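Engineer: Letter by letter, the chains look like this.
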Amino acid sequence: MVVVIALVVVVVGSILFHLLSPWWWTPIASNWGYIDATLVITFWITGFVFTAVILFMAYCVWRFRHEPGRVAAFEPENRRLEIWLTVVTGLGVAAMLAPGLVVWKQFVTVPDDATEVEVFAQQWSWSFRLPGEDGRLGTSDAALVGPDNPLGISPFDRFGQDDIIIESDDLYLPIGKPVKMVLRSVDVLHNFYVPEFRAKMDMVPGMVTYFWFTPTRIGEFEVLCAELCGVGHGHMRGFVQIQEETDYQAWLQEQRTFAELWEERRVRTASSDPEQ
Amino acid sequence: MGAANGTNMTVILAFLVTIIALAFWWLLQQGVMSKPWLETGPMEEAAGRSGFPVERLGLGVFLVVIGSLFALFGSAFIMRMDLEIWPSLTLPPVVWINTALLVVASIFLRLATRRSDTRRLTRDTTIAGLATGGFLVGQLLAWRELQVVGDGLTSGPAASFFYMLSGLHGLHILGGILALGVLIARSGGDPDRTKLNVGLCATYWDFLLVVWIGLLLLFMGLANQLLDICRTILT
Amino acid sequence: MANIPYRPDEQVPPAEVPDVHPPHPHTWIGRWVFSQDAKYIAIQYSATAIAIGLVALVLSWLVRLQLGFPDVFSFSAEAYYQFITMHGMIMVIYLLTAIFLGGFGNYLIPLMVGARDMVFPFVNMLSYWVYLLAVLVLVASFFVPGGPTGAGWTLYPPQAILSGTPGGQDAGIILMLLSLILFIIGFTMGGLNYVVTVLQARTRGMTLMRMPLTVWGIFTATVMALLAFPALFVACVMMLFDRLLGTSFFMPTLVEMGEQLSYGGGSPIVFQHLFWFFGHPEVYIVALPAFGIVSDLISVHARKNVFGYRMMVWAIVIIGALSFIVWAHHMYVSGMHPYFGFFFATTTLIIAVPTAIKVYNWLLTLWRGDIHLTLPMLFALSFVVTFVNGGLTGLFLGNVVVDVPLSDTMFVVAHFHMVMGVAPLMVIFGAIYHWHPLMTGRMLNEAMGQIHFWVTFIGTYAIFFPMHYVGLVGVPRRYPEIGDPAFITTPVDGLNAFISIAAFIVGAAQILFLFNIAWSARNGRDAGGNPWRAASLEWQTPQTPPRHGNWADDLPVVYRWAYDYSVPGAPEDFIAQDDPWVQQTAPT
Numbered sequence: 000m001v002v003v004i005a006l007v008v009v010v011v012g013s014i015l016f017h018l019l020s021p022w023w024w025t026p027i028a029s030n031w032g033y034i035d036a037t038l039v040i041t042f043w044i045t046g047f048v049f050t051a052v053i054l055f056m057a058y059c060v061w062r063f064r065h066e067p068g069r070v071a072a073f074e075p076e077n078r079r080l081e082i083w084l085t086v087v088t089g090l091g092v093a094a095m096l097a098p099g100l101v102v103w104k105q106f107v108t109v110p111d112d113a114t115e116v117e118v119f120a121q122q123w124s125w126s127f128r129l130p131g132e133d134g135r136l137g138t139s140d141a142a143l144v145g146p147d148n149p150l151g152i153s154p155f156d157r158f159g160q161d162d163i164i165i166e167s168d169d170l171y172l173p174i175g176k177p178v179k180m181v182l183r184s185v186d187v188l189h190n191f192y193v194p195e196f197r198a199k200m201d202m203v204p205g206m207v208t209y210f211w212f213t214p215t216r217i218g219e220f221e222v223l224c225a226e227l228c229g230v231g232h233g234h235m236r237g238f239v240q241i242q243e244e245t246d247y248q249a250w251l252q253e254q255r256t257f258a259e260l261w262e263e264r265r266v267r268t269a270s271s272d273p274e275q
Numbered sequence: 000m001g002a003a004n005g006t007n008m009t010v011i012l013a014f015l016v017t018i019i020a021l022a023f024w025w026l027l028q029q030g031v032m033s034k035p036w037l038e039t040g041p042m043e044e045a046a047g048r049s050g051f052p053v054e055r056l057g058l059g060v061f062l063v064v065i066g067s068l069f070a071l072f073g074s075a076f077i078m079r080m081d082l083e084i085w086p087s088l089t090l091p092p093v094v095w096i097n098t099a100l101l102v103v104a105s106i107f108l109r110l111a112t113r114r115s116d117t118r119r120l121t122r123d124t125t126i127a128g129l130a131t132g133g134f135l136v137g138q139l140l141a142w143r144e145l146q147v148v149g150d151g152l153t154s155g156p157a158a159s160f161f162y163m164l165s166g167l168h169g170l171h172i173l174g175g176i177l178a179l180g181v182l183i184a185r186s187g188g189d190p191d192r193t194k195l196n197v198g199l200c201a202t203y204w205d206f207l208l209v210v211w212i213g214l215l216l217l218f219m220g221l222a223n224q225l226l227d228i229c230r231t232i233l234t
Numbered sequence: 000m001a002n003i004p005y006r007p008d009e010q011v012p013p014a015e016v017p018d019v020h021p022p023h024p025h026t027w028i029g030r031w032v033f034s035q036d037a038k039y040i041a042i043q044y045s046a047t048a049i050a051i052g053l054v055a056l057v058l059s060w061l062v063r064l065q066l067g068f069p070d071v072f073s074f075s076a077e078a079y080y081q082f083i084t085m086h087g088m089i090m091v092i093y094l095l096t097a098i099f100l101g102g103f104g105n106y107l108i109p110l111m112v113g114a115r116d117m118v119f120p121f122v123n124m125l126s127y128w129v130y131l132l133a134v135l136v137l138v139a140s141f142f143v144p145g146g147p148t149g150a151g152w153t154l155y156p157p158q159a160i161l162s163g164t165p166g167g168q169d170a171g172i173i174l175m176l177l178s179l180i181l182f183i184i185g186f187t188m189g190g191l192n193y194v195v196t197v198l199q200a201r202t203r204g205m206t207l208m209r210m211p212l213t214v215w216g217i218f219t220a221t222v223m224a225l226l227a228f229p230a231l232f233v234a235c236v237m238m239l240f241d242r243l244l245g246t247s248f249f250m251p252t253l254v255e256m257g258e259q260l261s262y263g264g265g266s267p268i269v270f271q272h273l274f275w276f277f278g279h280p281e282v283y284i285v286a287l288p289a290f291g292i293v294s295d296l297i298s299v300h301a302r303k304n305v306f307g308y309r310m311m312v313w314a315i316v317i318i319g320a321l322s323f324i325v326w327a328h329h330m331y332v333s334g335m336h337p338y339f340g341f342f343f344a345t346t347t348l349i350i351a352v353p354t355a356i357k358v359y360n361w362l363l364t365l366w367r368g369d370i371h372l373t374l375p376m377l378f379a380l381s382f383v384v385t386f387v388n389g390g391l392t393g394l395f396l397g398n399v400v401v402d403v404p405l406s407d408t409m410f411v412v413a414h415f416h417m418v419m420g421v422a423p424l425m426v427i428f429g430a431i432y433h434w435h436p437l438m439t440g441r442m443l444n445e446a447m448g449q450i451h452f453w454v455t456f457i458g459t460y461a462i463f464f465p466m467h468y469v470g471l472v473g474v475p476r477r478y479p480e481i482g483d484p485a486f487i488t489t490p491v492d493g494l495n496a497f498i499s500i501a502a503f504i505v506g507a508a509q510i511l512f513l514f515n516i517a518w519s520a521r522n523g524r525d526a527g528g529n530p531w532r533a534a535s536l537e538w539q540t541p542q543t544p545p546r547h548g549n550w551a552d553d554l555p556v557v558y559r560w561a562y563d564y565s566v567p568g569a570p571e572d573f574i575a576q577d578d579p580w581v582q583q584t585a586p587t
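Residue numbers (numbering that gives the first Met the number 0), protein chains in the order written: chain A, 0 to 275; chain B, 0 to 234; chain C, 0 to 587.
Careful, some of the hints might be misleading.
Some chain A residues well away from chain C (every beta-carbon gap over 10 Å; in silico) [stated by the list, open to error]:
{"#": "1", "residue": "Phe155"}
{"#": "2", "residue": "Glu166"}
{"#": "3", "residue": "Glu243"}
{"#": "4", "residue": "Glu244"}
{"#": "5", "residue": "Gln248"}
{"#": "6", "residue": "Ala249"}
{"#": "7", "residue": "Gln254"}
{"#": "8", "residue": "Arg255"}
{"#": "9", "residue": "Arg265"}
Quick list of simulated restraints, FRET-style, between CB atoms [to be verified]:
{"#": "10", "chain 1": "B", "residue 1": "Trp85", "chain 2": "A", "residue 2": "Thr138", "range": "17 to 23 Å"}
{"#": "11", "chain 1": "A", "residue 1": "His17", "chain 2": "C", "residue 2": "Trp518", "range": "38 to 44 Å"}
{"#": "12", "chain 1": "B", "residue 1": "Asp205", "chain 2": "C", "residue 2": "Phe141", "range": "43 to 49 Å"}
What the hints contain is simulated information worked out from the structure, not anything from laboratory work. Remember, predicted model here, so these are calculated numbers, not experimental data. No residue lacks a Cβ here, since even glycine has one placed at the ideal position from N, Cα and C.
Can you build the whole structure from these sequences, using the hints too?
Structural biologist: Written as structure tokens, this is what we have:
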């Protein structure tokens, strides 16, 4: 009865691996504990079903194995049993779906007090833009991207002038404040993914996507690209630094606005190219 | 995410729902509720399937596949249009002559299905073939006229879709012409066989005519109006 | 036409089924190369699929070398992406789809419904040759400058046709798209045959509800494929236009490496919708034939009728229909409108119900059976384990918010390999052990089969079960090397090395399996006509292996469903479908 033993070993081994192995999700650093909770509910329900189904199968294989004289039953169907099983399955599915949809509703509803932060992706680096003192991000367009305007921000939009540009460097965010990550790409698909934040979203050239979260833990968190974006995909990393409000403000003061950079780049371009 | 989300798969979904509804309706007539283990014996089918030539059914299934193909192109067209307002193409006038030619071809093939003597059948099918050939030549002229007025392939999404879809439609027509050519060449053979084949061609032509009219409606900007209506309903 | 004799005593009315004898080839080439016999085409299809599948197997080894031992075997990123892309594409399209529909579909449909051949044998032959051409174009892409495309099997634009991706600005992506277009054309030719044969060429008495579930599964999958593959066709044609002719169907305004491109206005999301409109039904195009076949394997080898046959048929049809409205669950984090998440999560989880019913019915078929632990049965059992495992992790990924942390991680890779890779492969193996005696007249070697089964079952589980946890840790997919980021609290390097070693062993076992097929075709034990004592029609042919035309002068007449096993009062524990036996005394 090697098969029966193997089936039982598969079930027991899977459960033990789940419970005892050190591989589990990284400690959370955002408000999305609900996502983890939904995931745990799903683990419990599916784990129970897996165990029950495979152990039942193992029992059948053992109990009804071929022996001389055994005759199988003739049993075309059993309506009551089938309806009963369908209903129970439907309830189990609903028990996973309902909390999932509730949490999804939260995930897609951005709170009004969330600060917008733009993530700008290109092959294969991350840049960021903060809205500046007016609290609004200026308009942007991939067609405006050029050596003196790497993020393609409209120089004629007054809301964009005080936007703070962080080019290929770490993003700092204050702890405890909801952030709406506004995601933009100018070449191919990317995906802004920080494992500790749980949330992620694709960045699609030609459109602006978003997700929101509230950082809940101070520290340095690695940004990975989670949508294949070419040969440099695996090296497209960055960092988000979650700081106390005071440290964050100190960092913010050191950053430069779009207007400053724009002026500086134009001067530099003009001086390096005397014919213009 | 905003307005530009491009998720309008209505055309293909409408097409599929129709197909699936038909399939379910048909299945329900095939005794899918019966209990086969209780029914022993050489039963006959509920529906008389034996009278229906396999070729007709084969063509029917094939047309569903082509229908799915063009419905998907229609979906892609509308999804793309959802993203960007583009002016609909000014169709060159020769397109209307082409459409008329395709209608003529369809009519003559329908007439040919009623012919019993080979000579007149050959005459009608040949006229249909020539008209269809005229359609293809006309389509090439339409491309040429579009290029002359500056609506080249990459001049805008409307033009891109027009070249691609009329081209694919043309390829299907071309396949039909080849089949029709074989048919005319063999029309002296088994009369039952010829009759069946003419019927198949007629169905295929009717179908491609319907597809072409659907495409024309798309190109004439009917899709814009439909989208506008959808937007008004939604908002 | 019409040569079934009229026997009043059997209440067989005059024949109406047109019995067209297929044209017999007279030349060597007609018989062995350009054969129009569905059985031979099936073998050509399967052999080609397995041959290209071996390429995919080698590619998977290379991928695992990179992932398991990044310090020792460090391939370039270009090469790594080419490996994963071609591995995925070959396995999904050119192996699984081709072998289930082109292979088993061709072999089993005519035999199981009592037809002499497919209804359009010539078109059927063309189908294979176009498929072969598609495979050759695919293989050719390995040898062009720049190599095959490395865009991932999803081929998402814009990166698929830009220079930052291997093959994007070379011939790789063009050949890939052309090959897919050819595949779809070839498949359509075959698909027309399978559908029309099931609808029109069933022998007398073979009502729809008497067909084995194998036929139901393949039939429904074919209908789905005929409706879904056009979506891939459309996506491929439009991408070819974008790549070759400079249109902007999928291409928005782009800046590539600091340089403005001439595209503008398109949307990559349109491609994703088209791709997954094909891609999700594709999962069921592979799964439904597997469901059907495994139902038959369990029934035959447990000597018991399929429990809830009607429910099984309905579940197949309903899953097939529902699978067309769940496609966007692959796109929860794609940037599409977030409210679609509610709809698609709900439809996705609803589809779990008919799928679960199928699992229950397999178990209830075992219940009170007479279980023979033959190789086909072992593979069927291992299918249930891997399919249930993979199906349940699908509930994580289908439930939109749970998908957010897991999508694009190794969890997804583990999930779809378990449910769509391992599970259907288990069925393919089981089916080959089951029907090899019919195809060759000889049994496969039992000892080699046992080794193959145990290594494959335990090995694949050891590969893909721990892989879920690599994803749970947060390791994204499509990373040749994760390095040592801070979010990984316990390194996964050891686990990755373990998975790789398991993968090499499992791969080696497949070589043994292929050797077994080749060896047993000559040296295997003689199978006799019906070694498994199966009731369905394909085992009732006058010769084994069946000759061209399948049946003797008369087509068989079917008197019962395909699952009359262990019928009380019957002389044997099975009654063949063409056996007119009736119970003499009515059961009380």
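Engineer: Each hint should be assessed against the structure and marked as holding or not.
Structural biologist: Here's how the hints hold up against the structure:
Once the 10 Å rule is applied to beta carbons, Phe155(A) is consistent with being away from chain C; the minimum gap is 18 Å. With a cut of 10 Å on Cβ distances, Glu166(A) stays outside the contact zone with chain C, its closest approach being about 13 Å. With a least beta-carbon separation of about 20 Å from chain C, Glu243(A) lies farther than 10 Å from that chain, consistent with its non-interface assignment. Taking the minimum C-beta to C-beta distance to chain C, about 23 Å, the non-interface status of Glu244(A) holds against the 10 Å cut.
For Gln248(A), the requirement that its beta carbon stay farther than 10 Å from each beta carbon of chain C is met, with the minimum near 25 Å. In this structure Ala249(A) is separated from chain C by more than 10 Å, as the shortest Cβ-Cβ distance comes to about 23 Å. Non-interface status of Gln254(A) relative to chain C is upheld: no Cβ of that chain comes within 10 Å, the nearest being about 23 Å off. For Arg255(A), the requirement that its beta carbon stay farther than 10 Å from each beta carbon of chain C is met, with the minimum near 21 Å.
Remark: the non-interface label on Arg265(A) is consistent with the geometry, its nearest Cβ contact in chain C lying 17 Å away (cut-off 10 Å). For Trp85(B) and Thr138(A), the hinted distance range of 17 to 23 Å is satisfied, since their beta carbons lie about 22 Å from each other. Taking 38 to 44 Å as the suggested C-beta distance range, the pair His17(A) and Trp518(C) conforms, at roughly 41 Å. One distance hint, 43 to 49 Å for the beta-carbon pair Asp205(B) and Phe141(C), holds here, with the actual separation near 45 Å.
When held up to the earlier numbered hints, the structure conflicts with none and fits them all.
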